[in-house]
Amino acid sequence: SKDNMGHGFNHVTSHFGEWIHLNVGGQQFMTTRETLTEKYPDTMLARMFSCTDGLSWQSKADETGAYLIDRSPVYFEPVLNYLRHGQLIIDKGVNPQGVLEEAKFFGILPLIEQLEAAVQDDQPITDGTPLT
Amino acid sequence: SKDNMGHGFNHVTSHFGEWIHLNVGGQQFMTTRETLTEKYPDTMLARMFSCTDGLSWQSKADETGAYLIDRSPVYFEPVLNYLRHGQLIIDKGVNPQGVLEEAKFFGILPLIEQLEAAVQDDQPITDGTPLT
Amino acid sequence: SKDNMGHGFNHVTSHFGEWIHLNVGGQQFMTTRETLTEKYPDTMLARMFSCTDGLSWQSKADETGAYLIDRSPVYFEPVLNYLRHGQLIIDKGVNPQGVLEEAKFFGILPLIEQLEAAVQDDQPITDGTPLT
Amino acid sequence: SKDNMGHGFNHVTSHFGEWIHLNVGGQQFMTTRETLTEKYPDTMLARMFSCTDGLSWQSKADETGAYLIDRSPVYFEPVLNYLRHGQLIIDKGVNPQGVLEEAKFFGILPLIEQLEAAVQDDQPITDGTPLT
Amino acid sequence: SKDNMGHGFNHVTSHFGEWIHLNVGGQQFMTTRETLTEKYPDTMLARMFSCTDGLSWQSKADETGAYLIDRSPVYFEPVLNYLRHGQLIIDKGVNPQGVLEEAKFFGILPLIEQLEAAVQDDQPITDGTPLT
Chain S
1 SKDNMGHGFN
11 HVTSHFGEWI
21 HLNVGGQQFM
31 TTRETLTEKY
41 PDTMLARMFS
51 CTDGLSWQSK
61 ADETGAYLID
71 RSPVYFEPVL
81 NYLRHGQLII
91 DKGVNPQGVL
101 EEAKFFGILP
111 LIEQLEAAVQ
121 DDQPITDGTP
131 LT
Chain U
1 SKDNMGHGFN
11 HVTSHFGEWI
21 HLNVGGQQFM
31 TTRETLTEKY
41 PDTMLARMFS
51 CTDGLSWQSK
61 ADETGAYLID
71 RSPVYFEPVL
81 NYLRHGQLII
91 DKGVNPQGVL
101 EEAKFFGILP
111 LIEQLEAAVQ
121 DDQPITDGTP
131 LT
Chain C
1 SKDNMGHGFN
11 HVTSHFGEWI
21 HLNVGGQQFM
31 TTRETLTEKY
41 PDTMLARMFS
51 CTDGLSWQSK
61 ADETGAYLID
71 RSPVYFEPVL
81 NYLRHGQLII
91 DKGVNPQGVL
101 EEAKFFGILP
111 LIEQLEAAVQ
121 DDQPITDGTP
131 LT
Chain Z
1 SKDNMGHGFN
11 HVTSHFGEWI
21 HLNVGGQQFM
31 TTRETLTEKY
41 PDTMLARMFS
51 CTDGLSWQSK
61 ADETGAYLID
71 RSPVYFEPVL
81 NYLRHGQLII
91 DKGVNPQGVL
101 EEAKFFGILP
111 LIEQLEAAVQ
121 DDQPITDGTP
131 LT
Chain R
1 SKDNMGHGFN
11 HVTSHFGEWI
21 HLNVGGQQFM
31 TTRETLTEKY
41 PDTMLARMFS
51 CTDGLSWQSK
61 ADETGAYLID
71 RSPVYFEPVL
81 NYLRHGQLII
91 DKGVNPQGVL
101 EEAKFFGILP
111 LIEQLEAAVQ
121 DDQPITDGTP
131 LT
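Chains as they are written, first to last, in this note's numbering: chain S, 1 to 132; chain U, 1 to 132; chain C, 1 to 132; chain Z, 1 to 132; chain R, 1 to 132.
These are calculated hints, taken from the structure and not from any lab test. Don't take every hint at face value.
The list cannot tell twin chains apart, which means a pair is met if one copy fits it or any two copies do.
Straight-line distance between alpha carbons at most 25 Å, and here's what the computed SDA-like set of lysine to any residue pairs gives [unchecked claim]:
(1) Lys-92 x Glu-38
(2) Lys-92 x Asp-122
(3) Lys-39 x Ala-118
(4) Lys-39 x Asp-91
(5) Lys-39 x Trp-19
(6) Lys-39 x Leu-88
The task is simple: from the sequences and hints, build the whole structure.
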């Protein structure tokens with residue numbers, strides 16, 4: 001995946017569009033409307049922040065202008081990074097099942113598939129029955 | 001548990017009810033009154049934040065309007081996530097015994113049972129005596 | 001320790017006494033005067049925050065009203081939790097020796113004993129001499 | 001690498017130039033223009049914050065004067081430390097692949113090479129085919 | 001090291017001198033001038049914050065009065081704790097090499113020696129050649 005190197009500068013430039021401030025379960029995140037809506041336009045996040053569908057929802061910001069989302073900030077972070085660069089990256093200490101719950105909640109289908117495989121790999125086999 | 005996917009958008013909509021700001025041991029959490037009261041109405045959290053019983057307690061907010069709770073923020077987080085989506089998810093580095101103390105404190109019975117099993121699995125057997 | 005379940009609501013009620021804001025090494029903690037003074041009245045924390053002895057010390061708060069303590073916030077957290085519910089709970093990634101230093105500093109004797117055992121368990125045996 | 005000891009004081013002195021405030025994905029970082037631009041002048045970060053090329057970009061700060069970058073704060077931290085002292089240092093719990101994505105994004109070539117090796121070392125071999 | 005117990009109260013008393021607010025790479029730390037200057041007076045930190053030598057440097061605080069230091073907050077924390085109580089304590093997930101870089105930067109000689117040993121212990125031997 002060396003081929004996504006060097007596009008960085010343009011990427012930043014394209015981010016100059018519009019910044020979105022999220023308050024996820026009490027923690028602050030900053031990202032752009034493009035990150036939330038462009039790559040996976042069929043997800044709930046994309047619908048929430050698209051200029052046409054999302055209008056009614058946009059009034060649900062807190063007093064600092066941050067959009068409130070009642071979910072776990074710890075498990076939301078890898079989801080947001082996935083939207084930023086298309087890679088699923090989870091730290092060793094972080095439970096992939098937590099990230100899977102967020103991917104399901106936001107309806108990001110390709111991420112759900114990757115996470116279900118990661119959860120399977122992560123869990124010890126508890127009985128002797130071979131997987132088929 | 002693929003079946004709780006896709007309900008996300010409605011879930012967010014239903015969250016538009018009322019936001020609750022918690023200050024747990026010094027850390028800020030944001031959630032909704034529905035999350036704290038609806039799924040497990042018999043817990044202490046539900047009673048604290050229900051519209052009828054909780055009225056007297058609601059005056060105990062700090063100067064920013066956050067409700068103060070004298071408990072560990074680290075171990076409260078998985079408890080809040082459980083109330084959000086009904087799954088117990090703990091990171092590898094987090095001691096399930098700490099989460100169990102919070103579940104007991106808030107009186108969330110199904111979570112206590114799951115956590116007691118998790119604590120048992122987590123502890124190494126220190127002598128050769130079989131458990132009976 | 002199932003027997004400390006259910007007392008939660010009363011516990012919160014009793015916490016309505018007085019909130020204490022601590023600034024430990026730069027991180028904010030919220031707790032109550034009861035937590036700091038009642039269970040272990042012979043510790044330094046209890047003396048610092050007792051209504052009679054602690055008066056002179058109480059002027060040492062910062063501009064937000066938080067009491068400044070020049071110690072590690074990471075290792076103070078399990079100590080504060082111990083004062084909250086009487087259980088020593090340390091995450092796997094956290095070095096028990098760090099918590100032991102705080103327990104010594106604040107002079108919480110039963111916690112020191114537990115932590116010295118935990119440090120011993122945590123350390124690999126570096127020579128072949130059997131422990132006696 | 002004992003030879004970079006003792007230069008500390010001069011290093012701090014040279015940092016007195018100009019402080020840069022970054023908001024990376026919602027988390028605050030403080031560093032200096034020298035750290036971002038001097039050691040690796042061909043990277044995107046250097047171009048973004050160099051006095052000549054970076055002028056147009058510098059207007060993209062938030063209301064507190066922090067430059068907004070839509071990337072992961074967790075994985076940006078080792079990248080910034082690398083620019084500070086030239087060492088790649090990653091905690092055990094942090095996935096090197098996440099840091100690699102940031103190094104690629106910012107175009108820091110020597111760091112990319114080190115991280116690709118670290119990612120290789122970190123991944124378990126999933127099939128029996130020998131690497132050639 | 002039970003012998004440093006009980007001195008806690010005096011220690012706090014002696015801390016009542018003067019509080020120092022540090023902003024290390026964007027994270028806030030609180031400590032006292034005594035902690036930074038007394039135990040190891042030959043280090044860069046001691047010189048930076050001693051009343052005589054440090055005067056010129058003291059004007060380099062940010063708008064909140066915090067002294068800005070362009071280093072990693074994660075690895076600075078164990079260094080500051082070392083200055084507080086003279087023990088090197090690192091969590092399992094934290095890379096000792098990162099702490100070593102900070103100890104070198106600030107020129108704390110006894111800490112450097114301990115950390116170089118810790119780094120050696122931490123690194124797997126990658127080839128069969130015996131160290132000489």
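For each hint, the structure was consulted:
For a Cα distance limit of 25 Å, the shortest separation of Lys-92 from Glu-38 qualifies neither inside one copy, at 29 Å, nor across copies, at 33 Å. Taking CA atoms no more than 25 Å apart as the test, Lys-92 paired with Asp-122 passes in both settings, with 10 Å inside one copy and 11 Å between copies. Taking the closest pair of Cα atoms, Lys-39 and Ala-118 come within 25 Å of each other only inside a single copy of the chain (22 Å); across copies the shortest separation is 29 Å, beyond that limit. Taking the shortest Cα distances, Lys-39 and Asp-91 sit within 25 Å of each other inside one copy (23 Å), while across copies they are farther apart (29 Å).
Taking the closest pair of Cα atoms, Lys-39 and Trp-19 come within 25 Å of each other only inside a single copy of the chain (16 Å); across copies the shortest separation is 30 Å, beyond that limit. For the homomeric pair Lys-39 and Leu-88, the shortest alpha-carbon distance inside one copy (14 Å) is at most 25 Å, but the shortest distance between copies (31 Å) is not.
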